[in-house]
Amino acid sequence: MDWLLPITVAAPLGGAILILIIGKFWKNFGSFWTLITTFGVLVVSIRLLGEAPMVYKMGGWYPPLGIALYMDSLTNLMLLVVNIVAFAAAFFSFAYMKQYTAEFKYYSLFLLMLAGMNGVVVTGDLFNLFVFFEIASIASYALVGFGVESEELEAAFKYLVISSLASTMVLLGVAIVYAYTGTLNMADAANYLNIIGTSKGILFAIGLFIMGFGTKAALAPFHAWLPDAHPAAPAPISAMLSGVLIKSLGVYALARVLYSVFGLNPIASNILLVLGGLSVLVGVLPAVGQADLKRMLAYCSISQIGYIVIGIGLGTPLGIAGGLFHLANHGIYKSLLFLNSGSIEYELKTRHMKKMGGILKEMPVTGTTTAIGSLAISGIPPLNGFWSKILIILATIQSHKYILTATAAFETFVTILIFAKVFREVLLGEKRVPFKLKEVPFPMAFATSILALVCICMGLLYPIFLNTIFYPAQNALLDRALFIKTLLGG
Numbered sequence: 102m103d104w105l106l107p108i109t110v111a112a113p114l115g116g117a118i119l120i121l122i123i124g125k126f127w128k129n130f131g132s133f134w135t136l137i138t139t140f141g142v143l144v145v146s147i148r149l150l151g152e153a154p155m156v157y158k159m160g161g162w163y164p165p166l167g168i169a170l171y172m173d174s175l176t177n178l179m180l181l182v183v184n185i186v187a188f189a190a191a192f193f194s195f196a197y198m199k200q201y202t203a204e205f206k207y208y209s210l211f212l213l214m215l216a217g218m219n220g221v222v223v224t225g226d227l228f229n230l231f232v233f234f235e236i237a238s239i240a241s242y243a244l245v246g247f248g249v250e251s252e253e254l255e256a257a258f259k260y261l262v263i264s265s266l267a268s269t270m271v272l273l274g275v276a277i278v279y280a281y282t283g284t285l286n287m288a289d290a291a292n293y294l295n296i297i298g299t300s301k302g303i304l305f306a307i308g309l310f311i312m313g314f315g316t317k318a319a320l321a322p323f324h325a326w327l328p329d330a331h332p333a334a335p336a337p338i339s340a341m342l343s344g345v346l347i348k349s350l351g352v353y354a355l356a357r358v359l360y361s362v363f364g365l366n367p368i369a370s371n372i373l374l375v376l377g378g379l380s381v382l383v384g385v386l387p388a389v390g391q392a393d394l395k396r397m398l399a400y401c402s403i404s405q406i407g408y409i410v411i412g413i414g415l416g417t418p419l420g421i422a423g424g425l426f427h428l429a430n431h432g433i434y435k436s437l438l439f440l441n442s443g444s445i446e447y448e449l450k451t452r453h454m455k456k457m458g459g460i461l462k463e464m465p466v467t468g469t470t471t472a473i474g475s476l477a478i479s480g481i482p483p484l485n486g487f488w489s490k491i492l493i494i495l496a497t498i499q500s501h502k503y504i505l506t507a508t509a510a511f512e513t514f515v516t517i518l519i520f521a522k523v524f525r526e527v528l529l530g531e532k533r534v535p536f537k538l539k540e541v542p543f544p545m546a547f548a549t550s551i552l553a554l555v556c557i558c559m560g561l562l563y564p565i566f567l568n569t570i571f572y573p574a575q576n577a578l579l580d581r582a583l584f585i586k587t588l589l590g591g
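Note that this note's numbering has the sequence shown beginning at 102, numbered continuously upward.
Hint data in this document are derived by calculation from the structure and do not stem from the laboratory. Honestly, I wouldn't trust all of these hints.
[Stated by the list, open to error] Computed Cβ-Cβ distance ranges for the label pairs, DEER-style:
(1) E250 / M159: 49 to 59 angstroms
(2) G283 / F514: 46 to 56 angstroms
(3) K158 / P483: 38 to 48 angstroms
(4) I137 / T569: 21 to 31 angstroms
(5) L561 / A507: 23 to 33 angstroms
(6) I557 / K522: 40 to 50 angstroms
(7) G160 / F140: 40 to 50 angstroms
(8) G115 / E152: 54 to 64 angstroms
[What the hints assert, rightly or not] Mimicking DSS-like on lysine-lysine, the simulated pairs with C-alpha atoms at most 25 angstroms apart in a straight line are:
(9) K199 / K539
(10) K462 / K450
(11) K537 / K455
(12) K158 / K259
(13) K125 / K199
Where a beta carbon is used, it is the ideal one built from N, C-alpha and C, also for glycine.
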């Protein structure tokens, strides 16, 4: 089944080019082709579930001489999360983007960003990791500023400048690894690092990767771009940015490099724990005072990323499993909440929570799915957010990191208070707009209903998901020897 791996990159990349060519002449081609492409790649991701680790050799050249695409259980988990959210965001865009001009350019950039994210996930080569990282980043810069109003352009410029610095750090880190090992293949570099050990130069490269990928993941103190970029972008792009882009370009890339290439060392582990704990507090505390719904969700993304990084930084099987579970959960429920914020703004023409009210009664589908997402992110059982949060808290106790235990528990308490305000100001009470509200168009309601259903299923069936998806992904991240052996062809 290795031939399916390049499809995850080639299909959206080819679709982006095709839409630019045909979209000028056929108005609805972009939305139509994006739906087909995202659904097709999602089917491929589902088909790859449970498959043994595999390598696709580009041009028939064997690693480490040739470029290789690699898939294991961790890769498959990321492909699944990225493409579920991409399909829902594409379906949502079908109606939502009618209010914008040049739709075909939006869909082309959307697929280009998806190609970059999938490429980051499946590549087995450090330089191509950087190339796909840049493809997704450049597309996302344009999409953040797609509305071309002053707020959007300012946020996009800020995002571009900070992310460009992150890209420079990643490229410099890749250059240092190449200078020390003479190879860009991840497994070959890991194999060579086993022989030469960890030097000061390699530790410097690890620091560069943490800063570069940490910036893209919006880890504190590298998070300054996110609170502006997420509210400014169109709602489907906010969902993609918060739901999957900061995971694939940030958290996944960081975990893959630190675990599979370098092997997690105590210094890197402690740095991740400090940054994770800091992100939890830096994200959740400012969110309390936000009146803008999308800006509040953006700050919550920072705190949730901190949760994930704490789990991965612990380096224990329980911590990694909880971190990966929370990564998937956050990708689903945060995408759901950003899409619903778009639905609410689409109908009420405001993002200010004190100008809303009555959504649950006036817009039942949007209100119900928003309630499900709010309960999930708050960690209310039996929804999916509860199980991943409790796993991470138990992992911190198991590792005797009691300050992190208290920090994680405090974040959960404050998040409950934040979304209690969402229930009070947005979902319940009397509506505060003078005009009659109606439910959003079917594509928007259908997309949010899919994600809400996934939240419920992942919560109710969490033992099945843990045993079939998350524990195998955790084993793949910890088994560095198998990664090296498989990627180098045995």
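Quiz item: Where does the structure disagree with the numbered hints, that is, which hint numbers, in rising order?
Solution: 1, 6, 7, 8 and 12
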